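In case you want the letters, here they are:
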Amino acid sequence: MAIQPITTLTGKAVPIAGADIDTDRIIPARFLKCVTFDDLAEGMFYDERFEKDGSSKNHPIDDPKHAGASLMVVGPNFGCGSSREHAPQSIKRSGFQAIIGSSYAEIFFGNSTGLGMPCVSADPADVETLANYITEHPQTELTLDLTAGEVRYGEHRLEINMPEGPKEALLSGRFDSIQELLDQTAAIEETAAALPYI
Amino acid sequence: MGKTLYKKVWEAHTVSTLNDGRTQLFIGSHLIHEVTSPQAFGMLRDLNLPVKYPHRTFATVDHIVPTESQQQPFEDPLADAMINELRSNVEANNIQYFSLNTGKQGIVHMVGPEQGITQPGTTIVCGDSHTATHGAFGAIAMGIGTTQVRDVLATQTLALSELKVRRINVTGKLQTGVYAKDVILHIIRHLGAKGGIGYAYEYAGNVFDAMSMEERMTVCNMSIEGGARCGYVNPDQTTYDYLKGRAYAPKDSEWDEALARWESYRSDADADYDDIVEFAAEDIEPTVTWGISPDHGVAISEPIPDPEKAETPEQKASILEALEYMKLPAGTAPTDIEIDVAFLGSCTNGRLSDFREAANILKGHKVAEGIKAIAVPGSQITAHQCEQEGIADIFREAGFEWRHAGCSMCLAMNPDKLTGDQICASSSNRNYKGRQGSPTGRTILMSPAMVVAAAVKGKVTDVRTLNA
Numbered sequence: 001m002a003i004q005p006i007t008t009l010t011g012k013a014v015p016i017a018g019a020d021i022d023t024d025r026i027i028p029a030r031f032l033k034c035v036t037f038d039d040l041a042e043g044m045f046y047d048e049r050f051e052k053d054g055s056s057k058n059h060p061i062d063d064p065k066h067a068g069a070s071l072m073v074v075g076p077n078f079g080c081g082s083s084r085e086h087a088p089q090s091i092k093r094s095g096f097q098a099i100i101g102s103s104y105a106e107i108f109f110g111n112s113t114g115l116g117m118p119c120v121s122a123d124p125a126d127v128e129t130l131a132n133y134i135t136e137h138p139q140t141e142l143t144l145d146l147t148a149g150e151v152r153y154g155e156h157r158l159e160i161n162m163p164e165g166p167k168e169a170l171l172s173g174r175f176d177s178i179q180e181l182l183d184q185t186a187a188i189e190e191t192a193a194a195l196p197y198i
Numbered sequence: 001m002g003k004t005l006y007k008k009v010w011e012a013h014t015v016s017t018l019n020d021g022r023t024q025l026f027i028g029s030h031l032i033h034e035v036t037s038p039q040a041f042g043m044l045r046d047l048n049l050p051v052k053y054p055h056r057t058f059a060t061v062d063h064i065v066p067t068e069s070q071q072q073p074f075e076d077p078l079a080d081a082m083i084n085e086l087r088s089n090v091e092a093n094n095i096q097y098f099s100l101n102t103g104k105q106g107i108v109h110m111v112g113p114e115q116g117i118t119q120p121g122t123t124i125v126c127g128d129s130h131t132a133t134h135g136a137f138g139a140i141a142m143g144i145g146t147t148q149v150r151d152v153l154a155t156q157t158l159a160l161s162e163l164k165v166r167r168i169n170v171t172g173k174l175q176t177g178v179y180a181k182d183v184i185l186h187i188i189r190h191l192g193a194k195g196g197i198g199y200a201y202e203y204a205g206n207v208f209d210a211m212s213m214e215e216r217m218t219v220c221n222m223s224i225e226g227g228a229r230c231g232y233v234n235p236d237q238t239t240y241d242y243l244k245g246r247a248y249a250p251k252d253s254e255w256d257e258a259l260a261r262w263e264s265y266r267s268d269a270d271a272d273y274d275d276i277v278e279f280a281a282e283d284i285e286p287t288v289t290w291g292i293s294p295d296h297g298v299a300i301s302e303p304i305p306d307p308e309k310a311e312t313p314e315q316k317a318s319i320l321e322a323l324e325y326m327k328l329p330a331g332t333a334p335t336d337i338e339i340d341v342a343f344l345g346s347c348t349n350g351r352l353s354d355f356r357e358a359a360n361i362l363k364g365h366k367v368a369e370g371i372k373a374i375a376v377p378g379s380q381i382t383a384h385q386c387e388q389e390g391i392a393d394i395f396r397e398a399g400f401e402w403r404h405a406g407c408s409m410c411l412a413m414n415p416d417k418l419t420g421d422q423i424c425a426s427s428s429n430r431n432y433k434g435r436q437g438s439p440t441g442r443t444i445l446m447s448p449a450m451v452v453a454a455a456v457k458g459k460v461t462d463v464r465t466l467n468a
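Listed in order, the protein sequences are those of chains A and B.
This note's numbering applies: residue 1 is where the first sequence begins, and numbers increase by one.
This note's numbering applies: residue 1 is where the second sequence begins, and numbers increase by one.
Don't read these hints as lab results, they were simulated from the structure.
None of these values were measured; they are calculated from a predicted model.
Glycine is no exception: its CB is placed at the ideal position from the N, C-alpha and C atoms.
The reader is advised that the hints may include incorrect statements.
Okay, the calculated beta carbon distance ranges per label pair [to be verified]:
hint, chain 1, residue 1, chain 2, residue 2, range
1, B, Ser301, A, Glu155, 34 to 44 Å
2, B, Gln71, A, Gly95, 40 to 50 Å
3, A, Thr8, B, Glu278, 19 to 29 Å
4, B, Asp270, A, Thr185, 34 to 44 Å
5, A, Asp53, B, Asp306, 27 to 37 Å
6, B, Ser69, A, Glu189, 55 to 65 Å
7, B, Pro73, A, Ala17, 35 to 45 Å
8, A, Thr8, B, Asn206, 53 to 63 Å
9, A, Asp39, B, Ser301, 42 to 52 Å
10, B, Pro313, A, Glu155, 22 to 32 Å
11, B, Pro303, A, Asp183, 54 to 64 Å
Covered by chain A, according to a simulated footprint, are these stretches of chain B (three or more residues, beta-carbon under 8 Å) [as the list claims (entries may be wrong)]:
hint, segment
12, 281-287
13, 313-325
Calculated lysine-lysine pairs in the DSS-like style (CA-CA distance at most 30 Å, straight line) [claimed, not checked]:
hint, chain 1, residue 1, chain 2, residue 2
14, A, Lys33, B, Lys372
15, B, Lys309, B, Lys104
16, A, Lys52, B, Lys316
17, B, Lys104, A, Lys33
18, A, Lys57, B, Lys316
19, B, Lys309, B, Lys327
Please model the complete structure; the sequences and the hints are all you need to start from.
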């Protein structure tokens with residue numbers, strides 16, 4: 001696996017309002033009928049963004065003022081529900097590089113980390129302040145600095161955090177853990193041998 | 001200080017500590033299905049890696065299976081492509097497959113226990129968040145993403161961070177008409193949909209001790225709706241009695257050895273917990289949801305909430321959003337909500353005991369006019385048992401459609417979907433916006449007994465009043 005350290009990401013952001021946004025909302029189940037992840041971008045937040053006839057609901061993602069955004073600012077417990085990796089895949093394949101929120105469902109967080117898409121957390125009130133700022137100043141370039149543990153925007157600075165393990169995995173570029181896991185073949189076989197049910 | 005079952009099982013399965021500090025954890029049993037595995041096999045092919053322990057992966061097909069007829073090819077070409085992809089992957093890799101023609105197919109979280117694959121003191125993963133179900137046997141069981149499915153196929157291990165453990169004690173006596181589903185809906189309502197983030201839930205106390213394995217599975221199944229990636233009950237005689245004689249359960253002398261090992265994994269009496277919460281069984285009423293998150297629950301006797309009485313602005317916003325979507329005025333009595341559809345099934349409540357209980361209540365009644373009612377056994381084995389016991393006939397005579405096994409209208413990846421803004425009384429696990437297949441469809445979660453009561457009355461009904 002190629003080593004791709006993720007330290008600093010810069011770009012415009014789009015705010016997604018609401019708590020407990022589940023992965024069914026991020027990508028409705030009908031878009032899961034596929035055997036590759038290639039075409040998932042079109043399903044991202046589909047029912048939030050479009051009416052049944054395909055006309056736009058004017059969701060912030062489709063608002064021209066947020067065009068080209070590469071960071072998503074979200075509410076608490078983002079990505080709850082189904083374990084479908086299709087959810088972070090659809091976000092990443094839509095051009096987003098990181099998510100800024102206050103808390104994440106565990107499986108979604110892990111799936112995103114594995115794709116090299118950091119989900120960073122900050123105080124809920126501060127995230128709301130950031131979301132409001134972006135709505136008013138949509139052209140603002142944000143800098144997510146994982147090393148310094150902060151997001152810088154305009155004159156402001158938002159303190160962010162992330163659990164050490166995943167953060168280290170991203171900073172070192174080893175977020176795809178397959179090679180490291182494969183390297184432990186002897187230890188894997190030893191553990192298996194000590195478990196009578198294997 | 002003693003240890004929890006979670007800690008003991010975690011330690012027994014630890015392979016190494018990775019450079020970033022995470023644990024490389026050995027996975028004992030890996031369950032796969034057609035939705036979240038094809039991409040993982042694709043990644044494996046791209047990396048030219050074999051499946052490390054094919055005999056520790058077990059496959060079935062559940063999400064996309066039509067329930068009116070399981071005849072192949074399926075009418076939906078995408079669904080047919082998915083099942084064919086699964087078949088070719090399991091054949092190419094020599095993986096045990098409980099296919100539609102084995103009589104053992106079903107929702108993956110039913111197949112594991114039925115076959116005795118799900119055992120105490122093991123680690124179990126599947127690309128499906130309801131893998132928490134298997135924790136009922138005293139296992140660390142959790143949902144994973146597809147890249148992680150690849151990792152398990154290739155190495156039988158995962159990079160994971162250890163969770164904290166919250167013990168949830170429910171003690172006392174459950175009222176008549178209160179089921180395992182009500183217990184877990186009550187817990188989620190009080191601890192919140194994100195209350196379990198960072199935790200494994202250990203369910204303890206005399207209420208869980210007295211539950212059957214099927215009831216424990218209902219509870220553990222919905223740990224994820226409470227934000228906990230896994231939940232478990234310590235194994236006991238009920239667990240061992242359930243497992244004895246099942247296809248993959250230990251046999252002969254191995255059984256006694258396994259029993260001793262399983263007992264040793266139980267949480268110690270002086271185990272160290274990160275948090276302990278208490279609930280009184282007497283406080284739990286039949287519980288239903290009224291909103292768009294599983295923690296939007298009320299007791300059947302309570303009105304649904306008023307946003308003006310919310311404690312925080314966030315709560316108020318959440319209530320307003322939910323009431324708008326559900327098209328329900330604040331203060332509505334749940335029993336005033338008319339339904340369009342009744343769905344009995346899913347990995348939460350699609351087991352034999354669910355259909356037995358529901359049939360006892362349904363017997364002698366008819367589904368109310370204009371209500372579409374469908375009963376979907378969670379597995380072919382359950383479907384067969386329901387036929388043998390006459391349960392299926394009770395449902396048919398009452399006006400339910402009796403279907404073939406699958407996930408069905410829980411997530412509507414097959415043809416079973418709500419249309420428009422229909423309201424569904426559902427024994428499933430999620431009331432998210434659009435969950436049951438229509439972007440404006442509405443879901444009310446409840447126990448199987450409450451689903452049949454709602455089907456009979458055409459509206460949400462306190463099951464305790466149905467035959468009174």
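Here is how each hint holds up against the structure:
1. The supplied range of 34 to 44 Å is broken by Ser301/B and Glu155/A, whose beta-carbon atoms lie about 53 Å from each other.
2. At about 42 Å, the CB distance of Gln71/B to Gly95/A agrees with the hint of 40 to 50 Å.
3. A hinted range of 19 to 29 Å is violated for the C-beta pair Thr8/A and Glu278/B, which are about 46 Å apart.
4. For the hinted restraint 34 to 44 Å between Asp270/B and Thr185/A, the CB-CB distance of approximately 38 Å keeps it satisfied.
5. Distance hint check: the CB atoms of Asp53/A and Asp306/B are about 35 Å apart, consistent with the given range 27 to 37 Å.
6. About 45 Å separates the C-beta atoms of Ser69/B and Glu189/A, a value inconsistent with the hinted range of 55 to 65 Å.
7. Taken as a hint, the range 35 to 45 Å holds for the pair Pro73/B and Ala17/A, whose Cβ atoms sit roughly 43 Å apart.
8. Take Thr8/A and Asn206/B: their Cβ atoms lie about 54 Å apart, and the range 53 to 63 Å holds.
9. In this structure, Asp39/A and Ser301/B meet the distance hint of 42 to 52 Å, their C-beta atoms being roughly 48 Å apart.
10. Between Pro313/B and Glu155/A the Cβ separation comes to about 26 Å, which falls inside the hinted range of 22 to 32 Å.
11. Pro303/B and Asp183/A have their C-beta atoms about 59 Å apart, which keeps the hinted 54 to 64 Å range intact.
12. Under the rule that three or more residues need a Cβ within less than 8 Å of chain A, the assignment of the segment 281-287 of chain B is violated, with 0 such residues.
13. Restraint check on the segment 313-325 of chain B versus chain A: 4 residues with Cβ-Cβ distances below 8 Å, three needed, restraint holds.
14. Proximity of Lys33/A to Lys372/B is assessed by CA-CA distance (about 26 Å); at most 30 Å being required, the pair is judged to hold.
15. This hinted pair does not check out: Lys309/B and Lys104/B have alpha carbons roughly 50 Å apart, beyond 30 Å.
16. Simply put, Lys52/A and Lys316/B have alpha-carbon atoms about 28 Å apart, close enough for the 30 Å limit, and the pair holds.
17. A distance of roughly 23 Å separates the Cα atoms of Lys104/B and Lys33/A; the hinted pair therefore holds under the 30 Å criterion.
18. Using a Cα cut-off of 30 Å, the hinted pair Lys57/A and Lys316/B holds, with the two alpha carbons roughly 24 Å apart.
19. At most 30 Å may separate the alpha-carbon atoms for a hinted pair to count; Lys309/B and Lys327/B meet this at roughly 19 Å.
Hints 1, 3, 6, 12, 15 from the earlier list are contradicted by this structure; the remaining hints agree with it.
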